[in-house]
Amino acid sequence: MDHLQQLEDQSVYILREAYKHFKSLCMLWSIGKDSTVLLWLARKAFFGHVPFPLVHIDTSYKIPEMIAYRDRLAREWSLRMVVGQNREALADGMNHTRGRLACCKALKTDALRHTLDGTWPRMVMNARGQYEPEDNPEPYTGVIVGARADEEGSRSKERYFSPRDHNSDWDVADQPPELWSQFKTDFAPGTHVRIHPLLDWTEINIWEYIERENMPIIDLYFDRGEGIRYRSLGCGPCTGNIRSTARTPTEIITELRVTTIAERAGRAQDQEDPHAMEKLRREGYM
Amino acid sequence: MTSVAADTQNRLQLAPREQMNIVIVGHVDHGKSTLVGRLLADSGSLPDGKLEAVQALCKRQGKLFEYAFLLDALEAERDQGITIDSARCFFKTDERDYIIIDAPGHIEFLKNMISGAARAEAAILLIDANEGVRENSRRHGYVLSMLGIRQVTVAVNKMDLVDYDQAVFDRIEEEYRAFLAGCGLVPQRFVPISARQGDNIAEPSAHMRWYKGPTILESVDLFKKAPPREDKALRVPVQDVYKFNTRGDDRRIVAGRIESGRIKVGDRVVFSPSGKGSTVASVEVFNAPATESMQAPHCVGFTLTEQIFVERGEIASHVDSAPRVSTRFRANLFWLGRKPMQKGKSYKLKLTTKEVGVHIHELLNVIDASELDSSLDKDEVGRHDVADVILETRRPVAFDLTHEFEATGRFVIVDDYDVAGGGIIREVVSDSFEGARADARRRDFEWVGGDVSRDDRAARFGHRAALVLLTGGAGVGKALIARKLERALFDAGRVAYLLDGRNVLLGLDQDIATTMDSGELVRRYAEVAHLFLDAGHLVVSTTNTFALADHGTISTLVAPAPVVLVHIGDDPPHNADLVLPAQTDPEGCVTAIRAMLREQNLVVRPPEPR
Ligand SMILES: Nc1nc2c(ncn2[C@@H]2O[C@H](COP(=O)(O)OP(=O)(O)O)[C@@H](O)[C@H]2O)c(=O)[nH]1
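Those protein sequences? They're chains C and Z, same order as listed.
The first sequence begins at 1 in my numbering and counts up by one.
The second sequence begins at 1 in my numbering and counts up by one.
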């Protein structure tokens, strides 16, 4: 059978399991290609609807087009958009010159953790498309994430449903077994579960699917006439572009089939410390 | 991205290539990592220069080169470029792409091996020629069989250590073949190899001319993709029922994955165990061409012509080929939990999308999976043990026998919050409710519903229908609690009714009250309760009139409305939902029962204001 169709069915099944089992469920949306494919898959699974909120962590340094794109899709697709931020660190002037990892930890990891557990304010998009504080933010017990096993090593040990303890910590060595399509949907109070519907997808699969579905994707991934494009999206100061004239998913697929450069090579924080990602992930980074 | 193949022509080919998930298992140190390194190297799936670089590094450090180092090296490097790592490796042959799942390199937890193997389509099982068949060779073989992996190549490794001696190979093959036969597994072939020396990996070995079969790479290419399951009988375990009601969408969509068969518009389908029947009105898709039918193994959404109440856990099938329904079945089970599986203790069973309480009805045999023939004289199932058991579920479940339908013939068991065991269903064991079940099925299939559905009622009332049965010895105070419970529910705006068995006797049962055919009395009581439940009530009842054994019949006849069993006093039945002390604080009991109804999601929210 068609491999992409198999991946789609698998992801749809996982999304429906997540929706059934977690009362307080959200999906992380970074506006990047993976989480946008994930969002599209949710619309597939729920026949055009997205029945849970989408959480975006705004570091304030994201490439501006990303924020505009986010809000446009949110309106068009009637998404429940939730935005979190580390206001304190930003007020204190946190930026990448104080150390990329420190910056990532403050603006992404910490912001994410506190947005998910509801201890920091969440901004919710209202019917007029403006953001207002959410009244009683409750902790999310299920968090859907677009991680792929092939992205970098620490992600390859994930399960489809991966428990996190009270401190969002992840015990890699001692994970429950995952048999057939029976996932970990029972969890102790205070813990939460990360759900990974894209675990088996590769970077090429993502583009093949974007092409097959003819689905919208932010155009920063394409060469817009200057011979450069982004391969991976993050904050402006830490995301480099690559030389490429690919203007369509098809051209990107062709390019990926011959490249030997890693997907995240343009992401400066990974270069700072060889174990950067593992460290960040243990602390709850996505 | 996937690993970069040396084969440049393949790189440019855009047509999607076939993929297969395989798992490599075997006793520790029998050479799994070495074989993975070899497969990557000899299939030409390593990045250019990688092998030479690692060999050179070893030389500089004065270490003997090991193929297993390739994995470590790749892991260390993945962030700089190549995303092969030891938990999921990719290699390619001309035939297809392979993903090696949960390959070695990590602590040997059986549950990790099982999680990986459960996703595999085929397996290579390694046995060290020098050490022979060991404990985990056997245990892994057993687990593969249990997981339903039918394609297994056994590689007898380290043939270099035994002078490539055919006699050693033959002996191991004979012994291990016999063991696997005991697990019901017939391996596709045995291949003598040396992972370290490269014998029979990509090239036929010059040291073993006596072996005429395929090399390891050839043998993986001989694995076949599973045949499509669309020709078998239809099975769609219901995953969820959606009614989003937003943006003018009032479709009520039954969602699930088609485990086998094909479903199409106009099909008459039946849902088991409830036995409700309806007709497929449409097949729903999003951003895909409209379609009238869908087949295994796809996820599907469909709507029905009659609005019957179906819920997660039921299995949709065609009318003439429905799955089995019982509260008892015989299964083979393996246990991974930290705490042993014990008799008399309740667990959660997950079978397809159904979740239901379960306990051991009879423990027939506990087996050490690494020995098979030695049955352990135990009355619990310990970690890594395998058991032959009869399980009993709290409510009837629909299932198939594993050899007929894989997906609907296997289950996992949850202890505390984790999956602690898994198993396959060997045979159905009859319980005492088959007659009642058949009656209920016939009744429900023909049932004439009005336009007001159960969902509509539940939405208005803020609760689902349920029968709250209070049990307990004489004088424990259950009648008083029942009255107070009805009152409290009513005062809270609930649709509640106290159904006293005696009232049914006085009226409906007049004709047989003197002859006292107890089976018929139970049936009539249950049918009356069923009508109230169909009308969405919370029915409160005590059971002075009935023996505990009749509760099963009642549950069967009122399903899918649940029977909530509240026991007052000593000696609670194993399936009690709540046990309360006798003759104490009736108000407190009422509060506890109401809390439980909320916890079980039967009472969901305040009633709709009118
Ligand atoms: N002589 C010989 N040694 C081997 C062969 N395959 C693996 N080994 C050695 O056996 C040891 C264990 O191998 P390894 O691949 O780490 O086993 P694993 O625990 O199953 O992953 C290592 O020292 C290997 O070099 C073989 O074909 N011949």
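Some hints could be false.
As the list claims (entries may be wrong) - List time: in silico BS3-like cross-link candidates among lysine-lysine, alpha-carbon distance up to 25 Å:
no., chain 1, residue 1, chain 2, residue 2
1, Z, 348, C, 23
2, Z, 224, Z, 243
3, Z, 243, C, 20
4, Z, 348, C, 20
5, Z, 232, Z, 212
By construction, these hints were calculated from the structure, which means they are not laboratory data.
Evaluated hints:
For the suggested pair residue 348 of chain Z and residue 23 of chain C, the alpha carbons sit about 19 Å apart, so the restraint of at most 25 Å is met. Of the supplied pair hints, the one linking residue 224 of chain Z and residue 243 of chain Z is violated, its CA atoms being roughly 40 Å apart against a limit of 25 Å. Our distance criterion of 25 Å between C-alpha atoms is met by residue 243 of chain Z and residue 20 of chain C, whose separation comes to about 13 Å. Restraint check: the Cα-Cα separation between residue 348 of chain Z and residue 20 of chain C comes to about 17 Å, which is no more than 25 Å; the hinted pair holds.
Our distance criterion of 25 Å between C-alpha atoms is broken by residue 232 of chain Z and residue 212 of chain Z, whose separation comes to about 37 Å.
Of the numbered hints given earlier, the model fails hints 2, 5; all others are met.
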